[in-house]
Amino acid sequence: MDKNCKLHTGSGGLCAKGCSRQDNKLNTFDWLADIPGNLETCDIVEVQFKNTRKGYYRNNNKLALEKGDIVAVEANPGHDIGIVTLTGSIVPFQMRKAKADMEVKRVYRKVKPVDMEKYEEAKAKEHGTMIRARQIAATLNLNMKIGDVEYQGDGNRAIFYYIADERVDFRQLIKILAETFKVRVEMKQIGARQEAGRIGGIGPCGRELCCATWVTNFNSVSTSAARYQDISLNPQKLAGQCAKLKCCLNYEIDCYVEAQKRLPSREIELETKEAKFHFFKVDILSNQITYSTERNFSANPVTISGKRAFEIIGMNRKGIRPDSLSEDTDQTQTKKQIDLLEQESLTRFDKRYPNNNTGNNNNRNNKRRKKNHPQNSVSPVQTRNNASTPPQRNNNNSNPPQ
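full-length UniProt numbering puts the first residue of the sequence shown at 1, with every later residue one more than the last.
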């Protein structure tokens with residue numbers, strides 16, 4: 001842990017205290033940080049420990065705490081060490097969001113070198129403790145997976161995070177772990193999504209996992225969300241790094257459900273004078289439906305809007321069959337798809353914009369000719385005037401040549 005989270009604006013004015021270290025999980029931007037007197041409005045601070053574990057502590061000693069300060073806080077037993085992530089009036093909002101306990105413990109002090117030495121010693125033992133704990137659980141034939149181990153800052157307690165599909169009796173496991181590692185043992189069950197958030201990673205969208213950056217409440221996700229959005233039910237694409245359905249399937253479901261109301265049922269067939277059309281595919285957000293004369297494969301596809309489909313359905317109910325599905329008499333041609341790779345071609349500017357250097361070169365050559373032959377040079381304006389002026393008739397009564 002260090003204090004490299006403090007950013008300053010180039011103008012030298014307000015300090016950008018709302019920003020935090022970007023490697024922290026569940027990072028929160030403090031949009032009230034630059035308000036004068038913000039720190040005095042609330043004496044409770046948010047402290048983050050390993051990965052996604054956070055707690056709220058009261059600053060009874062009136063310490064000058066800012067984002068990024070490493071503090072020693074009250075624990076049971078002993079003390080724990082964490083980094084301050086939020087201060088001021090935004091902390092009560094975060095407490096209500098996280099549904100934190102009303103019993104708030106104290107902030108003891110800012111860390112000393114002795115505290116950091118104990119902290120580093122405890123953290124160095126976490127990986128070895130996790131491997132050994134997995135071996136002990138396997139010998140006891142317990143159907144559980146120990147995903148992570150977190151030591152308290154003073155090394156007196158260890159939290160074992162585990163995943164289990166059913167109820168597990170781990171009383172014997174706790175006794176063996178306490179005797180083996182000489183610490184107070186706490187078992188904490190987490191879900192697969194919470195485990196993925198603690199580990200972290202990059203999603204298929206190219207961004208950090210939502211469960212590691214901002215999601216704290218994990219709502220259930222069903223396959224109906226994929227059906228509403230007309231997504232292929234491919235388990236490999238729908239599952240995230242937690243092997244569960246992606247949480248982002250719920251983000252736009254309301255928009256798709258609302259857009260579905262502006263589309264007709266897929267079971268309704270459209271009749272024209274030429275043939276009968278069946279539903280083939282749909283673009284929900286753009287409100288475009290493609291119909292085909294064959295039910296099982298694409299044949300004579302025609303793409304129309306949802307409004308036009310409702311008009312044809314109303315005409316069919318009255319016994320009227322239009323000439324075609326499209327609004328015009330001529331069949332509308334499908335739009336050519338844009339190739340994104342072609343947009344990045346190195347010669348794309350040569351195709352769109354012609355080379356206009358030819359005219360500039362001609363002007364330079366004309367100037368050079370004028371300098372070399374000033375008497376014989378004829379300007380383009382004179383040439384145009386001579387070409388446009390018709391030859392004048394000679395009115396003098398001169399005798400024709402004999």
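Don't read these hints as lab results, they were simulated from the structure. Fair warning: this is a prediction, and the values are worked out from it, not measured in the lab. Watch out, some of these pointers could steer you wrong.
Stated by the list, open to error - Listed below are the simulated DSS-like cross-link pairs for lysine-lysine, each with C-alpha atoms no more than 27 Å apart in a straight line:
no., residue 1, residue 2
1, K145, K105
2, K123, K54
3, K62, K118
4, K244, K97
5, K54, K110
6, K50, K118
7, K175, K25
8, K261, K307
9, K50, K112
10, K118, K175
11, K182, K123
12, K125, K145
13, K281, K25
14, K97, K112
15, K188, K261
16, K237, K182
17, K123, K105
18, K105, K118
19, K125, K97
20, K281, K145
21, K50, K123
22, K125, K62
23, K54, K99
24, K62, K50
25, K112, K99
26, K110, K175
27, K318, K273
28, K50, K99
29, K50, K175
30, K307, K273
31, K62, K110
32, K261, K281
33, K175, K125
34, K145, K110
35, K145, K182
A quick look at each hint next to the structure:
With a CA separation close to 31 Å, the supplied pair K145 and K105 exceeds the 27 Å bound. The hinted pair formed by K123 and K54 meets the criterion: a straight-line CA distance of about 17 Å does not exceed 27 Å. Restraint check for K62 and K118: the C-alpha separation of about 25 Å stays at or below 27 Å, so the hint holds. A hinted pair counts as satisfied when its Cα atoms are at most 27 Å apart, and K244 with K97 qualifies at roughly 24 Å.
With a C-alpha separation of about 17 Å, the suggested pairing of K54 with K110 holds against the 27 Å cut-off. Of the pairs offered as hints, the one joining K50 and K118 holds, with about 15 Å between alpha carbons and a cut-off of 27 Å not exceeded. A threshold of 27 Å between alpha carbons decides the hint, and for K175 with K25 the separation of about 32 Å lies outside it, so the pair is violated. For the hint pairing K261 with K307, the CA-to-CA distance comes to about 12 Å; that is within 27 Å, so the pair holds.
A C-alpha spacing of about 19 Å is found between K50 and K112, which places the hinted pair at or below 27 Å, so the restraint holds. As the CA atoms of K118 and K175 are separated by approximately 25 Å, the hinted pair is consistent with the 27 Å bound. The straight-line distance between the Cα atoms of K182 and K123 is roughly 15 Å, inside the 27 Å bound, and the hint therefore holds. A threshold of 27 Å between alpha carbons decides the hint, and for K125 with K145 the separation of about 19 Å falls inside it, so the pair holds.
Distance hint between K281 and K25 is unfulfilled; the C-alpha atoms sit about 41 Å from each other, more than 27 Å. A distance of roughly 32 Å separates the Cα atoms of K97 and K112; the hinted pair therefore is violated under the 27 Å criterion. Distance check on the hinted pair: K188 and K261 sit about 44 Å apart at the alpha-carbon level, beyond 27 Å; violated. Annotation: proposed proximity of K237 to K182 is violated, straight-line Cα distance about 45 Å (limit 27 Å).
Distance restraint check for K123 and K105: the Cα-Cα separation of roughly 23 Å lies within the 27 Å cut-off, and the hinted pair is therefore satisfied. Simply put, K105 and K118 have alpha-carbon atoms about 21 Å apart, close enough for the 27 Å limit, and the pair holds. Among the hinted pairs, K125 with K97 is inconsistent with the structure: their alpha-carbon atoms are about 33 Å apart, more than 27 Å. For the hint linking K281 to K145, the alpha-carbon distance of about 44 Å lies beyond 27 Å, and the restraint is violated.
Distance hint between K50 and K123 is fulfilled; the C-alpha atoms sit about 10 Å from each other, no more than 27 Å. Proposed proximity of K125 and K62 is contradicted: the alpha carbons are some 34 Å apart, above 27 Å. Restraint check for K54 and K99: satisfied, since their Cα atoms lie roughly 12 Å apart, inside the 27 Å limit. Restraint check for K62 and K50: the C-alpha separation of about 25 Å stays at or below 27 Å, so the hint holds.
A distance of roughly 31 Å separates the Cα atoms of K112 and K99; the hinted pair therefore is violated under the 27 Å criterion. The suggested pairing of K110 with K175 is violated, with an alpha-carbon distance near 34 Å, which exceeds 27 Å. At roughly 14 Å between alpha-carbon atoms, K318 and K273 fall within 27 Å of each other, so this suggested pair holds. With a C-alpha separation of about 20 Å, the suggested pair K50 and K99 falls inside the 27 Å cut-off, and the hint holds.
For the hint linking K50 to K175, the alpha-carbon distance of about 25 Å falls within 27 Å, and the restraint holds. Restraint check for K307 and K273: satisfied, since their Cα atoms lie roughly 20 Å apart, inside the 27 Å limit. Between the alpha carbons of K62 and K110 the distance comes to roughly 12 Å, so the proposed pair stays at or under 27 Å and holds. About 16 Å separates the Cα atoms of K261 and K281, which keeps this hinted pair within 27 Å; it holds.
With a CA separation close to 19 Å, the supplied pair K175 and K125 stays within the 27 Å bound. Restraint check for K145 and K110: not satisfied, since their Cα atoms lie roughly 36 Å apart, outside the 27 Å limit. A distance of roughly 22 Å separates the Cα atoms of K145 and K182; the hinted pair therefore holds under the 27 Å criterion.
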